[in-house]
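Colleague: Fit chain to chain and form the complex, with the hints in mind.
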Amino acid sequence: MGEPSPTETRQLADDARARVRFEEEALELADQVYQVARRLVGSREEAEDLMQDTYARAFRSWRSYQPGTNLRAWLLRILTNLNIDKARARQRRPQTEPLEEGDYFLYNRLAGSGGDQQPEEEERVLARLSQDGVVGALSELPHDFRDVVVLVDIGGFAYAEAAQILDIPVGTVMSRLHRGRRILKRQLAEEASDDPS
Amino acid sequence: MTLRDDPCDNCEEMLQPYLDRELTTIERAEAEAHLDTCEYCRRRYRFEVELRRFVRNAVVEPMAPELKQRLSSLRTPL
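Same order as they appear, the protein sequences are chains A and B. The opening position of the first sequence corresponds to residue 1 in the numbering used here, with each subsequent residue numbered one higher. The opening position of the second sequence corresponds to residue 1 in the numbering used here, with each subsequent residue numbered one higher.
Bear in mind the hints are in silico, worked out from the structure with no lab data behind them. One or more hints might be untrue.
Unchecked claim - Facing chain B, a subset of chain A residues (Cβ under 7 Å, in silico):
(1) Arg38
(2) Leu126
(3) Ala127
Virtual Cβ for every residue (Gly too), placed ideally from N, Cα, C.
So here's chain B without its partners, still in its complex pose (with noise of 0.2 Å):
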């Protein structure tokens, strides 16, 4: 183990919450201090949001014209 290790473990378990600002202050700003410090895991996080965006747009797929119409023929009729 380098002495890096530790602080890095630490902030690769923060990651995700820390991006879905579930953390408290105390721990973000933990993490924040580490970070600023750190290019390892700066890299890591920009990986992770750049990870989000991609997978969000990746699986958009339209919805089909005849389906929205199906859709609409469910409606009670008047």
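In isolation and in its complexed conformation, chain A is listed as follows (with noise of 0.2 Å):
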């Protein structure tokens, strides 16, 4: 065995480098993951542990990143993937078809029945809304529903974005989200009627 040519020094450092470039964008981006990897499961512990298992994977798979795409996407792919894992081995109670109802829902509850006689402005209104409201309704989302509310609400993601992160068509983003959206109005909807204050 001799020692490695030139090149191949030359190609190790260069690996090397890339690799690293590679590792601390990714954990660049941590902070923006986690908000995502945050609301797709139900609690902190959750959270963190799918983040080390996301962070582990990718680490050792850096070479099918593609440079100059969507680093934030494909760490979030990998997340969601394990998350799917995880959510089929805990193999929770089959979940009932939940309940929606339209887009003016929530306002219309919020703003009461003589809201248009004598209507308040809207930051009232949603200000019958809590923090801990919000939160609640999305945690109480069913999985595919969440999984894209997620997504393109908080994470920002395009729906075609959102499609190839969880590996599903354009179409099939879109109707979850719709649908998401309104039984997530309906349920902020119930938190806030609960709600004595």
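Modeller: Right, here's the structure in full:
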């Protein structure tokens, strides 16, 4: 076994540099990836475990990332895959079909029946919702809907990107998003009416 | 059913794709023509914009600094 040739040495050095750059870029995105992870699962602990599994896998398979493409989406694709595996392993009770109402439902409920005689400012109506209510309602959304709502409405991904991350057709993203938001609004309306304040 | 019901139901259906900018030019013009004349729908559209912002902000939860350290420790040693 001889010494590596200068070309080989250069390749190794280039490789190491590319890997370090990849790892640094991935870590810079950790906060943003975490925001999505945190809402895909029920607890902080689960989100942290999922992040660690995701980053461990990402660092192992960094070569399959194509530089110049959306790294945040690439990381979230790993994360959602791992999460689906975990969700299957948990095999929770079959989910009942969630109820949904139209898109005006939440406003109508919060503003009350007389709302249009003396219309209120939207901000005042919105003030009847609480931060905890939103967190709770989101966590109650069935998986398939929550994944899409979280990626698009919280992660800020376009439909096509969410479709790639979840490996489902764009049309499915659109229909799940549409229904998911309506289910979410219905749950928010319920949470607001449960709240005595 | 009042006269108003139909166009408002239609406008309600267009709310999400309108805000997501997924309507065709014709559909968009249709929605806007109705919104120009209908305070009822306009109010609910404005509410939806505020709601989306509220939801986005409500769920922000900073990552624990220890987690960031744990992630860094997963890096390949040089």
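Colleague: Determine which of the earlier numbered hints do not hold for this structure and return their numbers in increasing order.
Modeller: Number 3 - this is the single hint that the structure violates.
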